[in-house]
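Q: The primary structure of each chain is shown beneath.
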Amino acid sequence: MSRRLKVLVWLSSLLVIAGTIALIVVGIVVTDDHPLSTLSPVGRQGRDIARLINPIFIVAGVVFFLVQGAVLALWWRYRVGGSETGDGEHGYYEDDEFPDQTHGNDRLEIAWTIVPTILLAVISVFTLVALFALDDVDASDEDMVVTVIGQQWWWEYQYHLDGDTTTAPDFVTANELVIPAGVDVALDIKSRDVIHSFWIPKLNGKRDAVPGRSHDWVIQADNPGRYRGQCTEFCGLSHGYMKMVAVALTPSEFAQWRDNQMTPASAPAEGTAAAAGWEVFSQQCASCHAVNGLTSAANRGGAAESPPDDWDIYGEFNGGYAGPVITDELIAGAAPNLTHLMTRGTFAGSIFDLYLGAGDHIPYLELANRGTLNRGDLEAWISNAPERKPADADGLRGMPARTGLSPDDIDNVVAFLSTLD
Amino acid sequence: MTVTDRTITAPEETLALPAGPAVAHRPLGVFTRPQGSEGWRSWLFTVDHKRIGIMYGAAAMFFFLVGGAEALFIRLQLATPNGSVIGAGTYNGVFTMHGVTMVFLVIMPMAAAFANYLLPLQVGARDVAFPRLNAFSFWCFLAGGLLLVSSIFIGGWFQNAPDGGWFNYAPNSGLPFSPSKGIDFYAVGLQITGIASLVSSINLIVTVLNMRTKGMSFFRMPVLTWMLLITQFLLLFAIPVITVALFLLMFDRLWDANFFNVAAGADPLLWQHLFWIFGHPEVYILILPAFGIVSEIIPTFSRKPLFGYHFMVASGIAIGFMGWGVWAHHMFTSGIGPLAVAAFSVSTMFIAVPTGVKILNWLATMYRGRLRFTTPMLYAVGVVSMFTIGGLSGVTHAIAPSDTQQTDTYYIVAHFHYVIFGGALLGLFGGFYFWWPKAFGYKLSEAWGKASFWVMLVGFNFTFGPMHILGLQGMSRRISTYRADEGFALWNMVATIGSFVIAVGVAMFLWNVYASTRKWQRAGRPDVGPDPWDARGLEWMTASPVPEHNFDSEIEVERLDEFWHRKYGVDENHRVVKTATAEEVAHDGSNTKVHLPSPSYWPIVLGGGILLVGYGLIYNLWLAAAGLVLLVGAIYGWILEPADDPDAAGHHDDHHDDGDGHGDPSGNGGPDGNGESASAAAPADTEEAATVG
Amino acid sequence: MADEATTHAEEHHTSTGISNEKLAMWVFLGSECLLFGGLISTYMFNKGRIGPNDIGPDDVFDIPFTSVSSFVLLMSSLTMVFAVSAIARGDLRGNRIWLATTAALGATFVAGQVYEFTAFYSEGLGFTTNLFGSAFYALTGFHGAHVTIGIIMLMSLYVMSMRGNLGPERAETVEIIGLYWHFVDIVWIVIFTIVYLFPQ
Amino acid sequence: MATVTPESPDTAHAPDEHAHPSNWLYVKVAIALALLTAFEVFTYFETVHGWGDTAIIIMLVLMMLVKFFLVVAFFMHLKFDAPIFWRLFVFGLILAMAVYMVMLTAFRFW
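Protein chains in written order, with this note's numbering: chain Z, 1 to 421; chain G, 422 to 1114; chain P, 1115 to 1314; chain V, 1315 to 1424.
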């Protein structure tokens, strides 16, 4: 076998092996369902991004194989043996053979400057087209705008059905962003404290929530379903525990869900466990958590957990801050609005499932009726939240521990929460 | 080779740094100037660029172990879902310190080690332009590094470590959100290492511009010298920007200013812009020295000159320039607006072109070469191969829409580890093996070296390869844990195993250093000769280890790769023939009449003063005041140190060594119109200097 | 290359024919551009980010006063040039006089700045009051610190000269310190225009 | 470079000394600086006369630049000195202006 042929066989078998491994890995990556995967987009924007990047992955892959192949080929073809220690008669080399002392080739250099430049210029044209299309946030055909507010370490969603974000929202929810499937939904992303980033990988890329700024963003889901997300800008202690879910419903289901969200809660019947739970809740929890129709702004006045004034950026800043306006009791003091807690699938910044093993088996709107409540995590959370999700030692952020509550108290609070559907 | 003869003129007359013994031993106030070159004290007070280089390397290696241990903790915590090896708070401190340590205390000083050791040698100089300032740079860097690392232990394990990420975005870095002392350590520590880098960059720029030996025009300088010079320019202009940002942060935290106070109307994106205006050139500060090292190693072990020298230099300069116009690609999701995103997206893409030119030139150098895979060559080829991967993934997130999916995920972590570990660190390790015999006179074991390379390479790919997949599967960066049902468990476990394989590889390197040193000590010093690898640069043209005075006499350079051309000629058939052995060409270090700048107490005292000021700013301003007194005292001691006799022009021992012009303004002022003859040669040189500026 | 010069010249050979110290100072000044550029942009970016009722530039600036102190600093550059040319001529006494004058003018400027700061403070503009205050004091304070360091260096030169350690062969030392001093002056030229004179 | 090369061997301070301008030139420069400053201050008080802000800013910037380059060129000798100084300094200056102006543009500052 000639040396050239040997190299060819050696190289091609190597490429076959590498290619096979690559294919297997790609296979695992693509087919295995990952809830946060960017590789299987199910929304218009996510798909546009994938359509842009997938060919580039292929081009990059080709360049990868060419360069690595070249390295291996040069290695194989031009390596020479020699003294291991370099103290042979000819130093490291066993001979005095010298290759051509080529210093360069200007035409070659210019060629491999220009070719990649052209390649990249082509790529950049496609990039710019996609970029401006994605940024066209007025594409939404719904009036509704959802103000998404990040804070340590959960998300609040203020629904403005008429699209006017300067007025009070129609209703407020937390952690689970419910949208109608098939339509672009406009988001208005803000932050109350530090920088967060809103990201539902299957629907669209991420957009930072920067305090003092308001960022437009659009998401769309092709089909009804639940799509997970994770805060992706480091936001302090519990950054890793700041997750969220986007729930897409059919338009009619969405209307049903929306109407339910706009109903205030009613007081539990006298004498029930839930009524006792409400007592505890109104003393222990209502300073931060709002329940429309039950808690009031007065509950929150001067509460210890409110952030101190000097960094209180909840209020409107007249010199340039375009943050949310506190207009009425819909908006919580420092914690999620719990009016319809039981309609959500997750709690505590979406790190716990509210219903055991519910997954996608129970339709979203029937969770409250058919789901089995995840009592263990919920009770543990109520009595000692920082144990489950690290919170700042000074108690200004994150849910404080309520270890003083008796097991009965906690049962009653859970009973009360269970009425919030 | 007649050149050799011509350059060896009367040694005493060609000294770069004249000094009279009477001056060197002259008492100064209560202190006597330190003397001698033996014992540990001589290291503390040394101003020798080679010793300073070695100390940079040793300190960087120490910090590398610290940063590596932090990396292993990160990987242990993330090995399984819901990991609980270290809590979220400690985790945040660990990943922040890992980033800060590896960037500022490992890669940068390792590159500084090579810059200090090799730059003067490669341009044929006796020392750097300002030897005492050079010593100060090192001590100042060490002060900043120790201050940063001490934060891990002060006040409890990781209680006061910086925990805002190496990028430290406002307003999370503000007092309300980060009440521990951690961010103060970050701000103060990086200021101090910044001073060190800035001073060192000025020093090395002046060295390259001004201290080149006869005939060493800019386009006869080795590519490593070029890359280091570009790096120094990047440092020179980038460090002030982070200095501004850190000052603003410090004012906010210590004195309640409003720069990042959103409630007062501040825009936190200001920090991001300032940080990344510094931060992106910083990336090239990390990688360019490794590019230079690779460009030295590959030709040596290909038995060929570097392919396309001028294009290699030009692409390095292009990278240096373009590095200033791409910073906002770190901010594609920050909400800077579509036009800014578009502009930075396009500019970022084209920075791939000069980088690609480098890769192709290295391959072309190897093409038809006679490749000898010694350990340094393995590392260099490893860089070519691994950096390509990092470069390609870099292009994929230059594409802004795709970056909105990839940024802040493990895909980015994979990308920059392929660039910084696969590019910079492998290159620097290759440099260790390559120049080790030059610095110490003996070689590291090739067998252990090759073994540790392969272990490191395999571990590296198993650690960071899977992170591409994790990132595309949606795993965010900087999360201390993940849910079991998110599907990240498999590749995280692979990555964790890989990270321990890397640790084994590093341990093998350390064992190699230990064992090779022991072997050399037991056997007595085996003389590797001046030129163990049959290399090309001027640094090989003197004895190994390099004598304190570098070269016995001034070398006159007539072309690129001067040393190689003195060893080899071409016969009538254009075949390369050996015309002289390295030993014949190289200096043997026997010229003991060379006067060198005397050691000095003041650099280390000044470094100590800065350390005190640093702790003082964090804990107690009185301490800072004490540090300031020490600092000012050290500066005055420094200024008064040279024999201060205007009539003795030309007899000062360190006239090249003065930071702010207080010292002897060099013999330029001498009565006999000296020094100016050199300026007749200046036109050509300064013309070329324009390409630098 | 005129390398046939004296051996003494060989000793002080530099590749560019320029002394290391002077080159280092210019390299350093190039770097300082980025520092002050950052501070000035921070100021420009932040000065208007205050509430309508907050204390702002129009409420505190006293342009006639600042114009005079700017003029003083500008003239200190002139006296600095005189100091440099005096020592180059070998006029050590003249050098001392002009060094002292320059330091005195610089000190007048710093004193004016201190007065200005106290006046602003008494009018209600503290470092922590608002973003304008923080940015203004940070920028002008940084500049003031540079001037102060310059004054200390000038005074050190003066003392050296008094002790006979600053002869004509050290003209370049004075020139290098002069470069720093002029740089501080040109930074103030920019600050004075952008901070004080721009329509608010 | 032309200003550097043609020196006679007996000048001690070659690059800068031989072309040292006279003190009178410095005084003239200082007078120009003082006049420019006076005019700058004048624009501040004369804004009432109906010049637009933009016009004033442009004028002020122009005068600032003239002052800046007068000091750099004459007082700092850059006009007479080795061009490498000029290149190093102007590189830093232009880089600073470019980078920070791009930053402010990204903030839609103008």
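Simulated from the structure, these hints should not be mistaken for laboratory data.
Hints should not be assumed to be uniformly reliable.
[To be verified] With a straight-line Cα cutoff of 16 Å, these simulated EDC-like cross-link-like pairs (lysine to aspartate or glutamate) come out:
1. G/K999 / Z/E97
2. G/K999 / Z/E387
3. G/K999 / Z/D95
4. G/K1014 / G/E969
5. G/K999 / G/D955
6. G/K999 / Z/D100
7. G/K635 / G/E977
8. G/K635 / G/E979
9. G/K871 / G/E969
10. G/K940 / G/D992
[Stated by the list, open to error] Quick partial rundown of chain G residues pointing at chain V, CB under 7 Å, derived from the structure:
11. N503
12. G504
13. F658
14. I698
15. I757
C-beta atoms are modelled at their ideal positions from N, C-alpha and C, and glycine is treated no differently.
Q: Each hint needs a verdict: does it hold in this structure or not?
A: Verification of the hints:
1. G/K999 / Z/E97: Holds, at roughly 10 Å.
2. G/K999 / Z/E387: violated, 74 Å
3. G/K999 / Z/D95: holds, 12 Å
4. G/K1014 / G/E969: holds, 11 Å
5. G/K999 / G/D955: holds, 11 Å
6. G/K999 / Z/D100: Holds: G/K999 and Z/D100 sit about 15 Å apart, inside 16 Å.
7. G/K635 / G/E977: holds, 5 Å
8. G/K635 / G/E979: This hinted pair holds, its Cα atoms lying about 9 Å apart.
9. G/K871 / G/E969: violated, 31 Å
10. G/K940 / G/D992: violated, 42 Å
11. N503: The hint is violated - G/N503 has no Cβ within 7 Å of chain V, the shortest such distance being about 40 Å.
12. G504: Violated, about 39 Å.
13. F658: holds, 6 Å
14. I698: holds, 6 Å
15. I757: holds, 5 Å
The earlier numbered hints that this structure contradicts are 2, 9, 10, 11 and 12.
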